[in-house]
Amino acid sequence: MTSGTHALLEVSGIWKSFDDHPVLRGLDLHVDQHQAVVLIGASGSGKSTLLRCINGLESVDAGRILLDGNVEVTQPSIDLDKVRRRVGIVFQSYNLFPHMTVLENVMLAPRKVRGTSGGAARDEARALLARFGLEAKADEYPDRLSGGQAQRAAIVRALAMQPELMLFDEITSALDPLLVGEVLDAVRELKLEGLTIVMATHEMGFARDVADRVCFLHEGVVLEQGPPEAIFSSPEKQQTRDFLARVLG
Amino acid sequence: MVYKDPVRQALARRTARRNALVGMGSLIGFTLVVVVLVSQTPGWPVVQETFFNREEFVSSLPGLLKAFLLNVKIFLIAEPLILVFSLLIALTRTLRSPIFLPLRVVATIYVDVFRGVPTILVIFLLGFGVPALRLQGVPTDPVFWGTAALVLSYTAYVAEVFRAGIGSVHPSQRMAARSLGLSIWQTNRYVVLPQAVRNVVPPLLNDFISLQKDTALVAVLGPIEVLRQAQIDASSSFNYTPYVAAALIFIALTIPMTRFADWIQGRMSKRQRAGSVA
Numbered sequence: 001m002t003s004g005t006h007a008l009l010e011v012s013g014i015w016k017s018f019d020d021h022p023v024l025r026g027l028d029l030h031v032d033q034h035q036a037v038v039l040i041g042a043s044g045s046g047k048s049t050l051l052r053c054i055n056g057l058e059s060v061d062a063g064r065i066l067l068d069g070n071v072e073v074t075q076p077s078i079d080l081d082k083v084r085r086r087v088g089i090v091f092q093s094y095n096l097f098p099h100m101t102v103l104e105n106v107m108l109a110p111r112k113v114r115g116t117s118g119g120a121a122r123d124e125a126r127a128l129l130a131r132f133g134l135e136a137k138a139d140e141y142p143d144r145l146s147g148g149q150a151q152r153a154a155i156v157r158a159l160a161m162q163p164e165l166m167l168f169d170e171i172t173s174a175l176d177p178l179l180v181g182e183v184l185d186a187v188r189e190l191k192l193e194g195l196t197i198v199m200a201t202h203e204m205g206f207a208r209d210v211a212d213r214v215c216f217l218h219e220g221v222v223l224e225q226g227p228p229e230a231i232f233s234s235p236e237k238q239q240t241r242d243f244l245a246r247v248l249g
Numbered sequence: 001m002v003y004k005d006p007v008r009q010a011l012a013r014r015t016a017r018r019n020a021l022v023g024m025g026s027l028i029g030f031t032l033v034v035v036v037l038v039s040q041t042p043g044w045p046v047v048q049e050t051f052f053n054r055e056e057f058v059s060s061l062p063g064l065l066k067a068f069l070l071n072v073k074i075f076l077i078a079e080p081l082i083l084v085f086s087l088l089i090a091l092t093r094t095l096r097s098p099i100f101l102p103l104r105v106v107a108t109i110y111v112d113v114f115r116g117v118p119t120i121l122v123i124f125l126l127g128f129g130v131p132a133l134r135l136q137g138v139p140t141d142p143v144f145w146g147t148a149a150l151v152l153s154y155t156a157y158v159a160e161v162f163r164a165g166i167g168s169v170h171p172s173q174r175m176a177a178r179s180l181g182l183s184i185w186q187t188n189r190y191v192v193l194p195q196a197v198r199n200v201v202p203p204l205l206n207d208f209i210s211l212q213k214d215t216a217l218v219a220v221l222g223p224i225e226v227l228r229q230a231q232i233d234a235s236s237s238f239n240y241t242p243y244v245a246a247a248l249i250f251i252a253l254t255i256p257m258t259r260f261a262d263w264i265q266g267r268m269s270k271r272q273r274a275g276s277v278a
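Chains as they are written, first to last, in the numbering used here: chain A, 1 to 249; chain B, 1 to 278.
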């Protein structure tokens with residue numbers, strides 16, 4: 001292993017099926033610290049399920065997920081709340097809490113889970129919101145936000161827990177095309193700060209730009225992976241070529 | 001910048017004024033017709049004497065109002081208890097862990113039984129049954145058991161209202177809360193329940209109104225609340241006006257409550273519409 005980095009996430013041989021329909025079939029994934037790994041693949045290839053297994057929102061049928069070399073997410077007796085404090089996730093449909101203002105959305109977990117005092121949590125939340133251009137929206141309710149603002153607020157909410165690993169599950173798929181850029185810029189900034197990122201997306205241009213490694217998921221396994229230039233310019237597998245031909249047109 | 005055609009606006013104002021006039025005229029006309037028709041019926045003088053006797057009304061009203069305080073007291077004690085117990089029952093029924101199976105079974109049986117038995121029967125059974133056991137230290141006061149019966153019966157209903165409210169919160173809200181590291185309890189407390197309660201305010205108010213009226217059922221156990229007082233007055237004077245007076249007292253309380261429920265409901269649906277546009 002190269003010096004300075006180590007595996008923050010080690011997924012080995014995980015299987016997951018829903019009602020006898022296999023979604024993940026012995027999938028392996030290795031993510032080093034400070035890496036940005038982008039998952040591409042058709043709908044149903046297992047990208048979302050993989051992300052949900054990583055922070056324990058779904059349990060696996062077989063296999064192991066190891067966080068930071070010592071926390072085994074897939075161990076049945078593990079306290080998943082402790083895992084989730086270290087692994088943030090942002091969903092396609094934002095899932096902001098509609099009965100709270102943006103600021104309250106961001107402050108909730110730091111206050112109740114980490115026990116940060118109200119004043120400190122408020123200051124941190126305001127600072128984070130300002131960094132993502134949302135200071136003017138802090139006291140608005142989520143139904144007053146545009147899709148792009150809502151998704152950036154959801155990113156800030158996850159960041160407020162200071163996660164070591166961030167998972168992004170097709171966070172731009174529900175957005176008006178004009179608003180995709182502002183959300184992707186937020187992810188790009190996190191990458192530049194050195195946050196470890198696993199991101200499922202259909203934005204191939206962004207993947208090429210930001211990813212350290214691109215993984216092509218096909219029928220529940222990582223069929224091919226490598227640096228973006230290799231995957232996009234000279235994919236080895238026929239399925240990868242077919243998929244890219246379809247999405248790149 | 002908002003621009004409205006003045007001609008169209010004038011037309012809209014004229015239409016609104018005409019609609020108001022037609023509505024008012026129709027209401028007055030209809031009322032007159034009913035009054036005339038009823039007063040022409042052959043039995044009306046007797047009915048008026050028996051049900052709408054002014055002297056009877058005036059002489060019974062103070063006693064009825066005093067007795068009504070007991071209804072208000074029963075309501076004010078029962079309502080908070082119902083809210084707390086029903087929320088606990090509803091939450092119990094949403095627990096998924098197998099450890100809680102016994103609790104879940106008890107909660108389900110309780111709701112099934114008490115929704116199935118008429119409230120007046122529960123009042124009878126508790127009010128006459130429990131004191132008859134002559135247990136040491138158990139109250140024999142009929143008001144106590146009448147109130148307890150109302151609480152038992154209504155808790156079952158209101159628990160179902162809360163359960164529907166909890167079910168109306170999208171599962172992705174729970175998932176988002178859990179993904180931030182909130183425990184099941186914190187997720188319920190801060191994310192699910194606030195939204196669930198908001199969603200069921202109109203049916204909850206409806207059940208409150210219903211409970212206000214059903215405090216009169218405690219009369220079957222004998223305490224002098226407003227219905228029992230009306231019975232006493234009526235049987236001493238052979239005149240039914242006290243019943244009408246008691247009905248008016250209930251209406252005077254429930255109508256403002258009903259309008260308040262309508263207002264809340266209207267405000268909430270307006271807010272929801274506003275939200276869906278954004």
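These are computed hints drawn from the structure, not numbers from a lab.
There may be inaccurate statements among the hints.
[Unchecked claim] Label-pair restraints from in silico Cβ distances:
1. A:Glu72 - B:Thr258: 51 to 61 Å
2. A:Ala127 - B:Ser183: 22 to 32 Å
3. B:Ser210 - A:Asp185: 28 to 38 Å
4. B:Arg104 - A:Gly249: 48 to 58 Å
5. B:Ala10 - A:Asp185: 18 to 28 Å
6. A:Asp81 - B:Arg115: 49 to 59 Å
7. A:Ala174 - B:Gly129: 38 to 48 Å
8. B:Leu81 - A:Glu189: 27 to 37 Å
9. B:Leu103 - A:Asp20: 55 to 65 Å
10. B:Ile109 - A:Asp20: 31 to 41 Å
Here the structure is a predicted model, which means the values were calculated and not measured.
Using N, Cα and C, we set each Cβ at its ideal position, and we do this for glycine too.
Right, here's what the structure says about each hint:
no.: 1; hint: A:Glu72 - B:Thr258: 51 to 61 Å; verdict: holds, 58 Å
no.: 2; hint: A:Ala127 - B:Ser183: 22 to 32 Å; verdict: holds, 27 Å
no.: 3; hint: B:Ser210 - A:Asp185: 28 to 38 Å; verdict: violated, 55 Å
no.: 4; hint: B:Arg104 - A:Gly249: 48 to 58 Å; verdict: holds, 53 Å
no.: 5; hint: B:Ala10 - A:Asp185: 18 to 28 Å; verdict: violated, 52 Å
no.: 6; hint: A:Asp81 - B:Arg115: 49 to 59 Å; verdict: violated, 36 Å
no.: 7; hint: A:Ala174 - B:Gly129: 38 to 48 Å; verdict: violated, 59 Å
no.: 8; hint: B:Leu81 - A:Glu189: 27 to 37 Å; verdict: violated, 53 Å
no.: 9; hint: B:Leu103 - A:Asp20: 55 to 65 Å; verdict: violated, 32 Å
no.: 10; hint: B:Ile109 - A:Asp20: 31 to 41 Å; verdict: holds, 34 Å
Violated hints for the displayed structure, listed by number in ascending order: 3, 5, 6, 7, 8 and 9.
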